[in-house]
Amino acid sequence: MEELIQAFSLLFTPGSELSQIVLLTLKMSAFSTAISTAIGVPLGVCVGLYRFRGKRLVMRILNTLMGLPPVLAGLIVFFILSRSGPLGTLKLLYTLPAMVTAQVVLITPIVCGLSATAISGVAPLVHETAHGMGLTRRRELACLLYECRSQLLSIMFVAFGRSIGEVGAVMLVGGNVQYKTRVMTTAIMLETNMGHFEYAVALGIVLLVISFIINSIALSLQERTSAPEAQGAWSASRGGKLGGGR
Amino acid sequence: MRKTPVKILLVTVLAAMFALFLVACSSGSGSSAASSEAASSEAASSEAASSEAASSEAASSEAASSEAASSEAAAPQNAVLRISTTTSVNDSGLLPYLQPFFEEDTGYQMEVTSAGTGAAIEKGRTGDADALLVHAKASEEEFVNEGFGVERVPFMYNYFVIVGPEGDPAGVANCATAADAFKAIADAGQTFVSRGDDSGTNKKELQIWEAAGIDPNGQEWYVNAGQGMGATLTQTAERQGYTLSDKGTFLSNDAKESLKILLGESDDMKNTYTMIAISPDKWPDTNIDGANAFIAWMTGDKASELIAKYGEEEYGEPLFYLIEK
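Taken in order, these protein sequences are the chains called A and B.
Just so we're aligned, residue -19 is where the first sequence starts under the working numbering, counting upward by one.
Just so we're aligned, residue 4 is where the second sequence starts under the working numbering, counting upward by one.
If you're looking for bench data, these hints aren't it; they were derived computationally from the structure.
Since the model is a prediction, treat every value here as computed from it, not as a measurement.
Any given hint could turn out to be false.
[As the list claims (entries may be wrong)] Here are the computed lysine-lysine pairs in the DSBU-like style, where the Cα-Cα straight-line distance is at most 30 Å:
hint, chain 1, residue 1, chain 2, residue 2
1, B, 305, A, 160
2, B, 273, B, 259
3, B, 263, A, 71
4, B, 140, B, 312
5, B, 259, A, 71
6, B, 305, B, 263
7, B, 312, B, 263
8, B, 186, B, 206
9, A, 160, B, 285
10, B, 259, B, 140
11, B, 285, B, 186
12, A, 71, A, 7
13, A, 7, B, 186
14, B, 312, B, 285
15, A, 71, A, 160
16, B, 186, B, 273
17, B, 186, A, 71
18, B, 186, B, 312
19, B, 259, B, 206
20, B, 305, B, 186
21, B, 312, A, 160
[Said to hold, decoys possible] Some chain A residues flagged as far from chain B (calculated, every beta-carbon gap over 10 Å):
hint, residue
22, 167
23, 172
24, 199
[As the list claims (entries may be wrong)] Short derived list, chain A residues pointing at chain B, Cβ under 10 Å:
hint, residue
25, 67
26, 126
27, 129
28, 130
29, 158
30, 170
Just so it is clear, CB atoms sit at the ideal spot from N, CA and C, and this is done for glycine as well.
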């Protein structure tokens, strides 16, 4: 309890190491989420929407990569950015961009796989409707994305959660360097290795509280945008039923 | 409708057979529930398993006592010995090398967890170890004074080494002592990677900085890695900087391909290893008999001979030296 109070008071002390760590963590997670969503969602839409040869294989590979061990993702990026690796001259190892890269490698397949599943569930229904209304392909796609917006948002939450709570990859390519690449999870790891178990738990609680606040803000924003029209909820539930029946 | 009860019955029968099979397996390898507990916790040699060992041991002793009425008690009571040690002892391969000899001679089963010295000692404090094998004098004395440890038994030593890039831009190789070498690194503004994890090696490093009269914190060239020795060496190699390491970990790490030992065996880099049995006054359910057996065996003739030999074959020199008695 003492440690928890200590941790929270440190959190709100401007210029303290903990507040710097929290800011860095948020920065890293924001970048990771944004980039992996920017890559993963369009890919996932393509995979979910179009029929092509080897689609089943692609889905299987995606599902496998969704379980990619963070340490492995970290190792791959480590080898690429290492002094002896192909991009060694960039000197990116043990920096924030390196951590974001490793996380993008880790999270993009998750975003891609989940959005492909979400899209393919609703796509046939939207296609039928759009066809009946005589909409263009572009408008049909916009309609589809609009129908899936709540799923896509929760996929972003998954990505963010994965990013903020991930330790293996960022430890490896970030190196847990004080003031430079030390984030919440690696700080917890360090406190554990130093034998400060209570303080490590306190840091973990701080991390959870921050996640909770961010999720709450994002969710309330979403509720506000979708509240005026109940139609969205109606068609989503209908889409789910019909999509599942096929 | 008819089929459902049949299925349930089938599943139940299968589950029962599986349970019987498990019981048969465990009673085949040992004599009581205690041994099956021991075997299962031995199989999972991870850190988590050993931190749970306290509770599983408690459970197993309960099971043993309840069974004592019907059958004989388990052969060696509390055969599992939990050793909490530092990465330098475990990762250099010394304990895995001694383990089979120790187990054969004493009948105890060793469960080793390794962490930085800070965490290794903390596991003694939380009652999750029976004996410690660590190297940080001040923390050890504090630990014993608080009543958690019986006494410090120093028994072997080696030297820390300063490793750095082949070119040695700071000229560490020409220095006489570690303090001089640190001064040279600071003057040249060369990258120095610190463990920064409150480990024995980290504490030694901070002592040397103090002796050199330099406060490295916040300096641009001072990298606080906050990781174990292996990861710190990797980072040092990547950055082509300097660091303080124990010799064993360095020699067994791939970093030795792009770094080399620039200074070793100076008097201010001596590194003494100590064993401490956890006091049964603080944690009555720790395995004090096992801890005493471990300390007695490690300081005995056979272990001394094995330790003195260790590393000669692989690295051409011993990694640890025994303290003359």
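Which hint numbers does the structure go against, in order from smallest to largest? Those not satisfied are hints 1, 6, 9, 11, 13, 14, 18, 20, 21, 22, 23, 25, 26, 27, 28.
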